[in-house]
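Asker: Top to bottom, those sequences are chains A and B. Residue 164 is where the first sequence starts when you use this note's numbering, and the numbers rise one by one after that. Residue 131 is where the second sequence starts when you use this note's numbering, and the numbers rise one by one after that.
To be clear, the hints were calculated from the coordinates, so they are not data collected in a lab. As the structure is a prediction and not an experimental result, all values here were calculated from the model. Accuracy of the hints is not assured; some may be wrong.
[Unchecked claim] Which stretches of chain A does chain B cover? Using the computed rule of at least three CB atoms under 8 Å from a CB of chain B, they are:
hint, stretch
1, 243-253
2, 311-323
3, 346-360
4, 454-467
For every residue, glycine included, the Cβ atom is placed at its ideal position computed from N, Cα and C.
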Amino acid sequence: MTTPLVSLQDLSVQFCGSRTASALNEVNIELGAGEVLGLLGESGSGKSVTLRTLLRLHPERTTKIQGKMLVDGQDVLALKGRALDLYRGGTVSMVFQEPGLAFDPVYTIGQQVTEAIRAHAAVDEQAARAQALQMLERVQIPQAKRRFDAYPHELSGGMRQRAMIALALACQPKLLLADEPTTALDATVQIQILLLLRQLQRETGMSVIFVTHDIAAAVEVADRIAVMYAGRIVEQGPVSQIVRAPRHPYTAGLLAATVGTENRGQPLLAVPGAPPNLAALPPGCSFAPRCVHASEQCRCEVPPLQSVGTQALACWHPLMPLAEAA
Amino acid sequence: MNTTSYSQAPVQDRGGPAQPLLVVRNLKKYFAVRGQPLEKSKKFVHAVDGVSFSVPKGKTLGIVGESGCGKSTTARLIARLMAADSGNMVFDGEGVDEFGGIRLKEFRRSLQMVFQDSFASLNPRLTIAETIAYGPRVHGMPAAEAMRQAHALLARVGLEPAQFASRYPHELSGGQRQRVNIARALAFDPRLVILDEAVAALDKSVQAQVLNLLQELKAERQLTYLFISHDLHVVHYISDYVMVMYLGQVVETGPVERIYGQAAHPYTRALLSAVPSMDPDNRTQASPLAGDPPNPINPPSGCRFHDRCPHAHPVCAAKAPLLIGLPGEPAHQAACHLNDPTSGHPAALTEVQP
Numbered sequence: 164m165t166t167p168l169v170s171l172q173d174l175s176v177q178f179c180g181s182r183t184a185s186a187l188n189e190v191n192i193e194l195g196a197g198e199v200l201g202l203l204g205e206s207g208s209g210k211s212v213t214l215r216t217l218l219r220l221h222p223e224r225t226t227k228i229q230g231k232m233l234v235d236g237q238d239v240l241a242l243k244g245r246a247l248d249l250y251r252g253g254t255v256s257m258v259f260q261e262p263g264l265a266f267d268p269v270y271t272i273g274q275q276v277t278e279a280i281r282a283h284a285a286v287d288e289q290a291a292r293a294q295a296l297q298m299l300e301r302v303q304i305p306q307a308k309r310r311f312d313a314y315p316h317e318l319s320g321g322m323r324q325r326a327m328i329a330l331a332l333a334c335q336p337k338l339l340l341a342d343e344p345t346t347a348l349d350a351t352v353q354i355q356i357l358l359l360l361r362q363l364q365r366e367t368g369m370s371v372i373f374v375t376h377d378i379a380a381a382v383e384v385a386d387r388i389a390v391m392y393a394g395r396i397v398e399q400g401p402v403s404q405i406v407r408a409p410r411h412p413y414t415a416g417l418l419a420a421t422v423g424t425e426n427r428g429q430p431l432l433a434v435p436g437a438p439p440n441l442a443a444l445p446p447g448c449s450f451a452p453r454c455v456h457a458s459e460q461c462r463c464e465v466p467p468l469q470s471v472g473t474q475a476l477a478c479w480h481p482l483m484p485l486a487e488a489a
Numbered sequence: 131m132n133t134t135s136y137s138q139a140p141v142q143d144r145g146g147p148a149q150p151l152l153v154v155r156n157l158k159k160y161f162a163v164r165g166q167p168l169e170k171s172k173k174f175v176h177a178v179d180g181v182s183f184s185v186p187k188g189k190t191l192g193i194v195g196e197s198g199c200g201k202s203t204t205a206r207l208i209a210r211l212m213a214a215d216s217g218n219m220v221f222d223g224e225g226v227d228e229f230g231g232i233r234l235k236e237f238r239r240s241l242q243m244v245f246q247d248s249f250a251s252l253n254p255r256l257t258i259a260e261t262i263a264y265g266p267r268v269h270g271m272p273a274a275e276a277m278r279q280a281h282a283l284l285a286r287v288g289l290e291p292a293q294f295a296s297r298y299p300h301e302l303s304g305g306q307r308q309r310v311n312i313a314r315a316l317a318f319d320p321r322l323v324i325l326d327e328a329v330a331a332l333d334k335s336v337q338a339q340v341l342n343l344l345q346e347l348k349a350e351r352q353l354t355y356l357f358i359s360h361d362l363h364v365v366h367y368i369s370d371y372v373m374v375m376y377l378g379q380v381v382e383t384g385p386v387e388r389i390y391g392q393a394a395h396p397y398t399r400a401l402l403s404a405v406p407s408m409d410p411d412n413r414t415q416a417s418p419l420a421g422d423p424p425n426p427i428n429p430p431s432g433c434r435f436h437d438r439c440p441h442a443h444p445v446c447a448a449k450a451p452l453l454i455g456l457p458g459e460p461a462h463q464a465a466c467h468l469n470d471p472t473s474g475h476p477a478a479l480t481e482v483q484p
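Chain A with its partners taken away, still in its complex shape (with noise of 0.2 Å):
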């Protein structure tokens, strides 16, 4: 297997505030070129923390990063200056979830991105204001020229989203990182979103971690997909293997919480509980309080994770074992 593009050894943070929230505790996670991974789990299972780490967005005061982060090669944690504002933007860039704040209101959008372009590059402002054109209409906004000069404030969610994107696009990055892009937005502009970045990243071969709560947005873009739960990753494997045979509990009761058109007028079977808080995690297991199979041994020791090929589990009684079928 050649080098992955991205690589988080044994990745911690944790905020150290009035009190200490371990947000993510030893992550492991490795992605290849072109390959798209989705990072599936509830609010604070860790999924934005870990995308805010890989660009290193995090005050470095509070915060302490512990293990190794590798992307494209270069060691993340020890990035410092100029390095690190080419590394951002050039090697790794976001979408935001809310194209309304992440965007600055003063600035047109053109004006937005051709600054990106001429930040990372040394073109003028004719040949970046000609790239930052060809990138809107690459996402696919309608009368791209017009749009150009527009405001924010004056497009639509959807279309803001899409200049999110060129944005992000604009330095040709390596990776990028998408930070729940569709949930803010309707059901048909969702799907717009969902396919336009399924095609962008087929034409530029990109790599994308995109980050969602909902399953069926996963299952839309992500070749890969990655279960957190209390920043841990509980499971991973194929999209197809998540959805059909799920192996730990946890993944298993999401996907019975979703309501589909089988269980129209019966109970919902829904996971008991809510999540741990961070600041004081159980000993062993986090989900061990709201899961039907705990035993003691999960009360009292963390279940490592395992990894059989492209499949991985952190689980002492999975519902499926991992060796069976791989």
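Fit chain B to the known structure of chain A by using the hints.
Answerer: Chain B only, in chain A's frame:
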């Protein structure tokens, strides 16, 4: 829970089981837009433009549509949180706030609302038991009695009163706060509960818990729900009837199986096929609709959907379609020229559907 001990007894069933609990006729609300000072004509957002529907007793009506289609405005108009420009309502056979009809105060007691933002809809300076007891006390229930009822309600929605009653909203998680909101809505023993995106902000596993709770409460207290959501899966799960709105108008309404099985309006079909598929081998290939919903300030003439509709024809721009019953199933209504043999659309049904 019986609340008969305070001054006014709750409204009892008056119209009999066949009388719809709520009938809404021709509801309209235009919001004036602040324009340029020298502009001659004032502009209006046509938020709700002639919406009529009825909710049968003990059933759930789901309202779906994209953002800006007027779902939430409709809910607020029904709850009288804002005054409608025109239109009237009949609650269990009695006109609301009309001469000889049900008085507004009584109507409001029979109708409660749960909002999307569970945090913003709770008073941060009251404990949750105080919040739940507040409404009944305003309506004349003795404080001790109201508090006792609040504790019982908390227990019913799955929050242990001994543990939770004296907490403040910021000490609860989103799912717990939404349970408090539901308990507060139930404190009046309402007959109609409007749920405005009540589960939209919750995580999937918590959302399932709250949906289960809503279903249990409905069966237990013979509630009628008006369930507003943009999540088509959830609406399918919980509703008996579905109403699809587009730009302030109803485009289709009918029993849930008909809407999800044989949608008659092109917009409904597009909306349903925009739902991501759960099958990795069978991904969505093309987007059913291009672009965003048009601006409700100057809605398109004729059928408001015609500029995004794949079946559009000049007649669609010229004439607005009426909401008419489909042949063979009068409860299933759609506002589309394709379903009206007399509309003049070349592809319209000519005879009764096979």
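Asker: Hints the structure violates: just list their numbers, smallest first.
Answerer: 1, 4
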